[in-house]
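**Q** Each chain, letter by letter, is given below.
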Amino acid sequence: MSADLVHGGMFTVMVVRVDDPNDPEFESRLAEQIARSPTFFANAPVVMDLQHCTGAASADAFHGLRRMLKRQHLIAIGVQNANATQIRAAMNADLAAFAPANAARRTEAAEPAAAPAPRPAPVAAPVIAAGGVSRTKVITQPVRSGTQVYARGGDLIVLASVSPGAEVIADGHVHIYGALRGRAIAGASGDTDARIFIGKLEAELLCVAGHYLVSEAIEADYIGKSVQVTLVDDRLTINRT
Amino acid sequence: MSKVITITSGKGGVGKTTTSAAFATGLAQRGNKTVVIDFDVGLRNLDLIMGVERRVVFDFINVINGDANLNQALIKDKRVDNLYIFPTSQTRDKDALSKEGVERVINELRDNFDYIICDSPAGIEHGALTALYHADAAIIVTNPEVSSVRDSDRILGMLASKSRRAEENEAPVDEYLLLTRYSPERVERGEMLSIEDVQEILSVPLIGVIPESEAVLKASNTGMPVILDTESTAGIAYGDAVARFLGEQREMRFLKTQKKSLLRTLFGKA
Numbered sequence: 001m002s003a004d005l006v007h008g009g010m011f012t013v014m015v016v017r018v019d020d021p022n023d024p025e026f027e028s029r030l031a032e033q034i035a036r037s038p039t040f041f042a043n044a045p046v047v048m049d050l051q052h053c054t055g056a057a058s059a060d061a062f063h064g065l066r067r068m069l070k071r072q073h074l075i076a077i078g079v080q081n082a083n084a085t086q087i088r089a090a091m092n093a094d095l096a097a098f099a100p101a102n103a104a105r106r107t108e109a110a111e112p113a114a115a116p117a118p119r120p121a122p123v124a125a126p127v128i129a130a131g132g133v134s135r136t137k138v139i140t141q142p143v144r145s146g147t148q149v150y151a152r153g154g155d156l157i158v159l160a161s162v163s164p165g166a167e168v169i170a171d172g173h174v175h176i177y178g179a180l181r182g183r184a185i186a187g188a189s190g191d192t193d194a195r196i197f198i199g200k201l202e203a204e205l206l207c208v209a210g211h212y213l214v215s216e217a218i219e220a221d222y223i224g225k226s227v228q229v230t231l232v233d234d235r236l237t238i239n240r241t
Numbered sequence: 242m243s244k245v246i247t248i249t250s251g252k253g254g255v256g257k258t259t260t261s262a263a264f265a266t267g268l269a270q271r272g273n274k275t276v277v278i279d280f281d282v283g284l285r286n287l288d289l290i291m292g293v294e295r296r297v298v299f300d301f302i303n304v305i306n307g308d309a310n311l312n313q314a315l316i317k318d319k320r321v322d323n324l325y326i327f328p329t330s331q332t333r334d335k336d337a338l339s340k341e342g343v344e345r346v347i348n349e350l351r352d353n354f355d356y357i358i359c360d361s362p363a364g365i366e367h368g369a370l371t372a373l374y375h376a377d378a379a380i381i382v383t384n385p386e387v388s389s390v391r392d393s394d395r396i397l398g399m400l401a402s403k404s405r406r407a408e409e410n411e412a413p414v415d416e417y418l419l420l421t422r423y424s425p426e427r428v429e430r431g432e433m434l435s436i437e438d439v440q441e442i443l444s445v446p447l448i449g450v451i452p453e454s455e456a457v458l459k460a461s462n463t464g465m466p467v468i469l470d471t472e473s474t475a476g477i478a479y480g481d482a483v484a485r486f487l488g489e490q491r492e493m494r495f496l497k498t499q500k501k502s503l504l505r506t507l508f509g510k511a
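As you go down the protein sequences, you meet chains R and P in turn.
Just so you know, the first sequence maps onto residues 1 to 241 in the numbering used here.
Just so you know, the second sequence maps onto residues 242 to 511 in the numbering used here.
There's no promise every hint is true.
[What the hints assert, rightly or not] Facing chain R, a subset of chain P residues (Cβ under 10 Å, in silico): (1) Gly251; (2) Ser393; (3) Leu443; (4) Val445.
[As the list claims (entries may be wrong)] What follows is a list of derived Cβ distance ranges for each label pair: (5) R:Ser189 / P:Ser388: 31 to 37 Å; (6) R:Arg29 / P:Glu409: 31 to 37 Å; (7) P:Lys317 / R:Gln51: 51 to 57 Å; (8) P:Asn462 / R:Thr12: 51 to 57 Å; (9) R:Glu25 / P:Arg405: 40 to 46 Å; (10) R:Thr241 / P:Gly431: 29 to 35 Å; (11) P:His367 / R:Glu27: 46 to 52 Å; (12) R:Ile223 / P:Met242: 56 to 62 Å.
To be clear, the hints were calculated from the coordinates, so they are not data collected in a lab.
Glycine included, each C-beta is placed from N, C-alpha and C at the ideal position.
So here's chain P without its partners, still in its complex pose (with noise of 0.2 Å):
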């Protein structure tokens, strides 16, 4: 069974590309035969971010519009087998998103594909609606701090009622909950939210927690996917948020600060 994931958060700069390329990346060296969409027309970044913004010809808007067909568009990664990367277009705007040519695009896809991963753009509007409509399971990715926490809460209340399984009342989107951009040291100062405050908000089941890392800056500027350093925090840790959405039991790591726990912190305050 094909599966649609739609990575999301409403708030922009969380991290919503770079976990799109992560997973995309993750489930195709795990054996899946995965494409991954930019959604953010206009603004086109996943190309960048998967480093083939120089082999892009036709893209997502083309075909919606009917003027290339799939395996025109499609762009195969050269690093990973099973990894196919479908770029947007950055002259056009969200309303070339129509309703029939996405959900055309995305019923081919899904009988080519084991898993569709869509990169939400920022935003509650008919880019994110467009996104999320189609999603049989969706990654909210957050930050540990309020706004990036109220509106996950956002794009879960639409998810809830203006998915395409909402609408036809078949059984809700899967949800899960990724944290980025994690930072041990500022929680314990208190400049941060918790993992328990973000979950007790948002009661959603959290998938992983990526610490804040320099390897994720370092993986956009030269156009790979972080989860492909498995040198870094951030790339161990995508690999085993890849590994539990697969349905794995793994660890959270990455969760403490050097000298102190962070369970030992919560518990002091508390």
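The shape of chain R in the complex, shown without the other chains (with noise of 0.2 Å):
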């Protein structure tokens, strides 16, 4: 059993550009980009890039680093683009090293789970690039089977269908103009109040913040029918649309 254990995933997360640590006005800058969409960020994970950054060759400026992100309430999990002594300080303030921007891009396309359009790269903005301006996610094309789609900390909508063995994850809402055959999961991070709407119902599952229904415990009125999926009272529920 220990091979379950351990297993891949991937993620989308933030990059917040380190310019100069010592910076006073730095804090005051990243706190008025994070007003603008306060709850986006909320305790969002953020690796620091490091590549315009001479400083912070010590644990402690990096401690200084993770407190400064805290108040702001971003969790730093690593550093990327950091020189060899920036890695040794960083490892020693226990954040992780990333590969730089372009061999991360690297690896993602021969991760299995890539989701079938190429995600826009992160995007070097001002203090922070983030997976997007917009939490919704538009999916066009069919989700294939064997493909996964995650809308972090937003809806997505799929104009098309999702294929039997597919996977379509949003934190807030889902919505499917198709089929859906494979499955469907809102409110990943445990909103209660998602929901997911579904063009014609085939779907091998259906999860809201952790409430599932597999297709066996579907009743067989709504298959092939035009439905919303809400959770009351704890209790999936499906009601046609």
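Two chains, each in its own frame: build the complex with the hints.
**A** Given below as structure tokens:
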């Protein structure tokens, strides 16, 4: 059973560009950017990009950065584009060293569970480069068997069908305009108000905030119909739309 | 512009090699300089289907490793002008397909041919991924049954994420669906998925429907691409599929049982 304990996973993580850790205005500029969409950034894991940073050569410097990010409700998990001294210091501060952005993209392409559409590469914005401005993810192509699409921190809209063996996941609502033949998971981070809207229900699995129904448990009356799935009193409820 | 067409399916035994042989022959018959490559390293079959197994000296892997050049390995078809067969090795395995080596060979072929047909091995591992990596177009060979359809769906996902075009953010690979071993009688009896069922799941344009036909087995056994058997329904259907691939409008044939039309059956059921 021990073989099941560790397995691979893919996550979209925001990158904070740290140019000068001692810059007195750094925190206020960061706070300003976060203030524009506070819930999006709340307790989000971040990686510090040190490409243009020559300082930060001690564990203490990283502890300081971590405390500063924490004050902004961001959780530092590692560094990117760090030099050898910085990597050692980061390790001593319990931060992981991530591969440079271009190397990371190559690994992502080799990942079996990669989403069908190449996701936008994180862009270096003034301070924070996020996975995107809009929190809603729109997929226009069919989601093929064996692929997984995750809308982190927002809704997922699929304009086509989701094939058997495919998985569509959102922290918010999941909207599927075509047929759902694979799995749909809404409220993946625990939002019990999240819903799943389906053009044609033929699902393998429905899940809202951890409560799920497998296809066997779905009433035959709803199969092939246009439905919405909600969580009512801790019970998954399907309604015709 | 030279075009790489990968014939793929995910599932085995659905007719990839038969289709590769037929398509390559059909394209060459229409005056396109065409080469068909066997990517199924270790399970060499294309040379048998093309009837050139006794003329193989050097193979794909020899050329990848630089032990032979293209001209030494390519076998010119004796029946159809413009058609060349590029056999693979029976003694090696798929790991011999190095990314750089395959890329070099494909690029060299692009300079010399109008169409490069890649006959993919089954599965979704290294061999199949290498065969689809360079695709400009892909023909997804599917039998009208659920496991074949699901595997085709998986391969379509791979084309959209693992091909060179996907990696380099170019226009996506052109995808076409080819239904093989189609039997109107069995569809009517509910033993097989209908064309509509398959298309609804895969949502890829249909380029042809090849009826179940004894001519396919006979052609394989005699080493003659079935498209050259213009008496057979399968041969004619492949001819239509090639014409559609080249942009011609042709009606689908052989979709009906003798007595009752398929459409009536379908509408009768619905």
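**Q** Determine for every hint whether it applies to the structure shown.
**A** Quick rundown of the hints versus the structure:
no., hint, in the structure
1, Gly251, "holds (9 Å)"
2, Ser393, "holds (9 Å)"
3, Leu443, "holds (8 Å)"
4, Val445, "holds (9 Å)"
5, R:Ser189 / P:Ser388: 31 to 37 Å, "holds (35 Å)"
6, R:Arg29 / P:Glu409: 31 to 37 Å, "holds (35 Å)"
7, P:Lys317 / R:Gln51: 51 to 57 Å, "holds (55 Å)"
8, P:Asn462 / R:Thr12: 51 to 57 Å, "holds (54 Å)"
9, R:Glu25 / P:Arg405: 40 to 46 Å, "holds (45 Å)"
10, R:Thr241 / P:Gly431: 29 to 35 Å, "holds (30 Å)"
11, P:His367 / R:Glu27: 46 to 52 Å, "holds (49 Å)"
12, R:Ile223 / P:Met242: 56 to 62 Å, "violated (47 Å)"
Consistency note: the structure conflicts with earlier hint 12 alone.
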